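*Asks:* First residue of the sequence shown? That's 217 in my numbering, and the numbers climb one at a time after it.
Simulated from the structure, these hints should not be mistaken for lab results.
Since the structure is predicted, the reported quantities are computational estimates derived from the model, not experimental observations.
No residue lacks a Cβ here, since even glycine has one placed at the ideal position from N, Cα and C.
Among the clues, some could well be false.
Label-pair restraints from in silico Cβ distances [claimed, not checked]:
1. N355 / R314: 28 to 36 angstroms
2. E251 / R330: 14 to 22 angstroms
3. G328 / E357: 15 to 23 angstroms
4. E261 / I309: 17 to 25 angstroms
5. E261 / D294: 16 to 24 angstroms
6. E303 / R330: 20 to 28 angstroms
7. T220 / D302: 26 to 34 angstroms
8. R330 / G284: 18 to 26 angstroms
9. K219 / G328: 19 to 27 angstroms
10. K283 / D256: 29 to 37 angstroms
11. R286 / K230: 32 to 40 angstroms
No more than 25 angstroms apart at the CA atoms, straight line, and that leaves these computed lysine-lysine pairs for DSS-like [stated by the list, open to error]:
12. K353 / K230
13. K219 / K292
14. K301 / K272
15. K283 / K353
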Amino acid sequence: MQKTRILGIDFGLKRIGVAISDSDCKIALPRDPIENNGYDGVLEEIASICDENLIKAIVLGYPVGFKGERTNIIEKVDDFCARLKDELNITVILEDERYTTVQAHKYMNDAGIRKSRKQGLKDSISATIFLQVYLDKLNAELN
217 MQKTRILGID FGLKRIGVAI SDSDCKIALP RDPIENNGYD GVLEEIASIC
267 DENLIKAIVL GYPVGFKGER TNIIEKVDDF CARLKDELNI TVILEDERYT
317 TVQAHKYMND AGIRKSRKQG LKDSISATIF LQVYLDKLNA ELN
């Protein structure tokens with residue numbers, strides 16, 4: 217019997233960052249981001265990732281402001297969340313993504329990643345960060 221995984225998604229107007237857990241749901245790993253060319257294509261790609269990797273839930277980054285206030289993109293994330301739930305029939309968990317972009321930039325700088333590669337990686341690294349936070353909380357609850 218294969219183990220299921222959890223998918224992390226960092227919604228963006230240009231790119232969707234993607235991360236996936238290992239089969240034990242302990243470690244988050246980045247995947248290539250998805251270009252956001254409209255919901256239909258994005259949902260199709262996410263559905264394919266879910267099918268190929270036995271995804272049991274999606275952790276979607278929730279972009280609240282630094283003080284917890286609503287941001288301009290929250291309505292789009294709420295709409296995207298509803299579409300994920302409806303069209304993929306999957307559990308979607310919202311996870312605070314505050315500071316993940318800052319952390320992603322720090323990680324890329326520390327790793328010596330070239331500026332030309334940073335833009336594409338930033339979203340998936342952000343998704344990896346908040347998915348790892350979620351996995352750590354999940355595993356702490358189980359122990």
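*Asks:* Compare the structure with each hint and give your call.
*Replies:* For each hint, the structure was consulted:
{"no.": "1", "hint": "N355 / R314: 28 to 36 angstroms", "verdict": "violated, 22 angstroms"}
{"no.": "2", "hint": "E251 / R330: 14 to 22 angstroms", "verdict": "holds, 20 angstroms"}
{"no.": "3", "hint": "G328 / E357: 15 to 23 angstroms", "verdict": "violated, 36 angstroms"}
{"no.": "4", "hint": "E261 / I309: 17 to 25 angstroms", "verdict": "holds, 20 angstroms"}
{"no.": "5", "hint": "E261 / D294: 16 to 24 angstroms", "verdict": "holds, 20 angstroms"}
{"no.": "6", "hint": "E303 / R330: 20 to 28 angstroms", "verdict": "violated, 37 angstroms"}
{"no.": "7", "hint": "T220 / D302: 26 to 34 angstroms", "verdict": "violated, 21 angstroms"}
{"no.": "8", "hint": "R330 / G284: 18 to 26 angstroms", "verdict": "violated, 35 angstroms"}
{"no.": "9", "hint": "K219 / G328: 19 to 27 angstroms", "verdict": "violated, 34 angstroms"}
{"no.": "10", "hint": "K283 / D256: 29 to 37 angstroms", "verdict": "holds, 35 angstroms"}
{"no.": "11", "hint": "R286 / K230: 32 to 40 angstroms", "verdict": "violated, 21 angstroms"}
{"no.": "12", "hint": "K353 / K230", "verdict": "violated, 30 angstroms"}
{"no.": "13", "hint": "K219 / K292", "verdict": "violated, 32 angstroms"}
{"no.": "14", "hint": "K301 / K272", "verdict": "holds, 12 angstroms"}
{"no.": "15", "hint": "K283 / K353", "verdict": "holds, 22 angstroms"}
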